[in-house]
Amino acid sequence: MNQTASTPNDREVENALYQKRKKIYPREVHGLFAPRCVLGVFVLLGLYYVIPWVSYEGHQAVLFDLPARKFHIFGLVFWPQDFFYLAMLLVIAALSLFFFTALAGRLWCGYACPQTVWTEAFLWMERKIEGDRPRQMKLDKAPMSLRKFRIKATKHAVWLAFAGWTGFTFVGFFTPIRELGVSLANLSLGPWETFWIIFYSFATYGNAGWLREQVCIYMCPYARFQSAMFDKDTLIISYDEARGEPRGSRKRSDDRAEKGLGDCIDCTLCVQVCPTGIDIRNGLQYQCIGCAACIDACNDVMDKMDYPRGLIRYTTQNRLEGKPVHVLRPRTLVYGLILLALLGGLVYAIATRVPVDLNIHP
Amino acid sequence: MGLVENIYTLKLINMDERTHAYRLSVEGLEQAELVFDRDALEVPAGAVAELLVQVRIDPVHLDRPSSEIFFILEAQDNPDIRIRQSGRFLGPS
Chain A
0 MNQTASTPND REVENALYQK RKKIYPREVH GLFAPRCVLG VFVLLGLYYV IPWVSYEGHQ
60 AVLFDLPARK FHIFGLVFWP QDFFYLAMLL VIAALSLFFF TALAGRLWCG YACPQTVWTE
120 AFLWMERKIE GDRPRQMKLD KAPMSLRKFR IKATKHAVWL AFAGWTGFTF VGFFTPIREL
180 GVSLANLSLG PWETFWIIFY SFATYGNAGW LREQVCIYMC PYARFQSAMF DKDTLIISYD
240 EARGEPRGSR KRSDDRAEKG LGDCIDCTLC VQVCPTGIDI RNGLQYQCIG CAACIDACND
300 VMDKMDYPRG LIRYTTQNRL EGKPVHVLRP RTLVYGLILL ALLGGLVYAI ATRVPVDLNI
360 HP
Chain B
0 MGLVENIYTL KLINMDERTH AYRLSVEGLE QAELVFDRDA LEVPAGAVAE LLVQVRIDPV
60 HLDRPSSEIF FILEAQDNPD IRIRQSGRFL GPS
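Top line first, the protein sequences correspond to chains A and B. Per numbering that gives the first Met the number 0, the very first residue in the first sequence carries number 0; after that it's consecutive. Per numbering that gives the first Met the number 0, the very first residue in the second sequence carries number 0; after that it's consecutive.
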């Protein structure tokens with residue numbers, strides 16, 4: 000049989016399906032939503048790094064003491080008998096995920112997810128050391144030199160130090176952090192403490208420094224089942240095709256109606272700022288984490304062109320189709336009510352719990 | 000006639016951050032007598048105390064072979080810390 004048959008062999012199919020990762024250099028963004036993202040990063044990271052150091056009545060305020068089987072959260076002590084509260088908390092977390100996703104899409108991803116938050120911090124460090132987007136791209140294309148090695152080494156050293164601090168803090172939630180610090184300084188850490196500090200440091204360094212959007216695109220299930228949680232009234236980030244097309248560059252003084260052009264000037268800034276590297280003009284894609292960087296970038300350009308803002312904006316599928324908008328609809332109401340009930344129940348249960356247990360045999 | 004006696008093993012967990020001295024009483028059977036070691040009811044924070052309790056009653060007062068009784072544990076310094084658990088008292092059938 001002739002090997003050059005019309006059906007491709009496995010190797011050819013594999014090559015056609017496999018795409019080597021292209022490094023994404025998200026361009027820096029300023030605007031309405033970018034400061035909110037930054038605030039989110041500061042507040043969440045601040046809480047993470049500061050809380051283990053907070054004391055309450057002589058002991059660590061938040062300590063998940065696994066060997067003693069007690070979880071301390073300020074004045075509350077949770078025993079294994081209180082496991083029910085943890086289960087309730089997880090159910091509430093899941094329900095709030097459904098509720099907020101139905102309402103406004105991937106708010107969690109763009110503003111609060113640890114992957115996004117730590118990646119933003121790492122990107123900021125990279126930007127400070129390597130320079131802005133064009134500089135970074137130029138440095139990567141250049142051949143290895145002493146200067147390039149020095150810059151890259153600095154960046155990785157800073158990343159590793161930050162990751163090390165993160166790993167240390169993580170273990171500090173489970174072992175009193177001040178004692179941990181002393182052990183670290185004396186190089187007298189126990190084997191398990193050492194293991195977990197190194198593990199979480201490398202996990203942070205790997206996820207935030209190297210993997211970045213690959214986690215969102217390939218590893219996280221949220222991206223894949225979001226389509227089951229959205230409906231036509233969910234707030235999504237969308238490009239107004241009717242307004243923007245046909246796209247094309249033009250001078251500021253040009254009359255776009257005359258030239259038969261839409262508002263999109265094809266500057267591709269929306270693509271350059273995107274941390275997952277998509278083109279939002281192709282419609283909402285599963286990779287979009289809803290960070291609103293493209294909105295800020297486009298609004299900036301619209302301002303410069305003296306066009307109205309909002310060519311890329313938060314909107315709903317129904318609104319784009321000209322249909323009326325329903326924020327309060329069966330889905331959101333039911334999720335919201337159940338969530339409220341469970342939250343109220345949990346708070347009540349914890350508030351009225353009695354710190355004593357009695358078992359009678361027989 | 001002798002008294003009827005049931006022996007119970009009570010496990011008490013003080014889940015609070017402070018030591019408490021507790022009071023134990025029984026409900027559901029009048030004329031029942033409670034015998035236990037009072038010192039065992041001083042429980043330090045986070046500790047589990049095990050104590051043997053004997054409940055005695057004259058069988059004259061029992062109207063059925065199996066009665067439901069309630070053990071009430073209350074912290075002496077804080078009446079809000081109070082728990083009520085049920086048990087069964089078995090008399091002669």
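Think of the hints as simulated: they come from the structure by calculation, not from any bench. Just so it is clear, CB atoms sit at the ideal spot from N, CA and C, and this is done for glycine as well. Do not rely on the hints blindly, as some may be mistaken.
[What the hints assert, rightly or not] Here are some chain A residues the structure puts well away from chain B; computed CB gaps all over 10 angstroms: (1) Gly247; (2) Lys258; (3) Ile279; (4) Leu341; (5) Pro354.
[Stated by the list, open to error] Restricting the straight-line Cα-Cα distance to at most 25 angstroms, the calculated cross-link-like pairs of lysine to aspartate or glutamate (DMTMM-like) are: (6) A:Lys69 - B:Glu49; (7) A:Lys69 - A:Glu56; (8) B:Lys10 - A:Asp81; (9) A:Lys303 - A:Asp356.
[As the list claims (entries may be wrong)] Here are the in silico distance ranges between beta carbons for each label pair: (10) B:Pro91 - A:Leu345: 14 to 20 angstroms; (11) B:Arg87 - A:Ala184: 54 to 60 angstroms; (12) A:Phe224 - B:Phe35: 31 to 37 angstroms; (13) A:Val346 - B:Ala44: 34 to 40 angstroms; (14) A:Val346 - B:Arg87: 32 to 38 angstroms.
Now for the hints, and whether the structure bears them out:
1. Listed as a non-interface residue, A:Gly247 keeps its Cβ farther than 10 angstroms from every Cβ of chain B; the least gap is roughly 70 angstroms.
2. A:Lys258, annotated as away from the interface, keeps every beta carbon of chain B farther than 10 angstroms; the closest lies near 75 angstroms.
3. Every CB of chain B is more than 10 angstroms from the CB of A:Ile279 (nearest about 53 angstroms), matching its label as outside the interface.
4. Every CB of chain B lies more than 10 angstroms from the CB of A:Leu341, the least distance being 24 angstroms, so the non-interface label holds.
5. For A:Pro354, the condition that its CB be more than 10 angstroms from all CB atoms of chain B is violated, with the nearest at approximately 4 angstroms.
6. Our distance criterion of 25 angstroms between C-alpha atoms is met by A:Lys69 and B:Glu49, whose separation comes to about 20 angstroms.
7. Distance check on the hinted pair: A:Lys69 and A:Glu56 sit about 16 angstroms apart at the alpha-carbon level, within 25 angstroms; holds.
8. With a C-alpha separation of about 17 angstroms, the suggested pairing of B:Lys10 with A:Asp81 holds against the 25 angstroms cut-off.
9. Restraint check for A:Lys303 and A:Asp356: not satisfied, since their Cα atoms lie roughly 68 angstroms apart, outside the 25 angstroms limit.
10. Between B:Pro91 and A:Leu345 the Cβ separation comes to about 47 angstroms, which falls outside the hinted range of 14 to 20 angstroms.
11. For the hinted restraint 54 to 60 angstroms between B:Arg87 and A:Ala184, the CB-CB distance of approximately 59 angstroms keeps it satisfied.
12. A beta carbon spacing of about 57 angstroms between A:Phe224 and B:Phe35 contradicts the range 31 to 37 angstroms that was offered as a hint.
13. For the pair A:Val346 and B:Ala44, the supplied restraint of 34 to 40 angstroms is violated, since their beta-carbon distance comes to about 25 angstroms.
14. Taking 32 to 38 angstroms as the suggested C-beta distance range, the pair A:Val346 and B:Arg87 conforms, at roughly 35 angstroms.
Hints 5, 9, 10, 12 and 13 from the list above are not met by this structure, while the remaining hints are.
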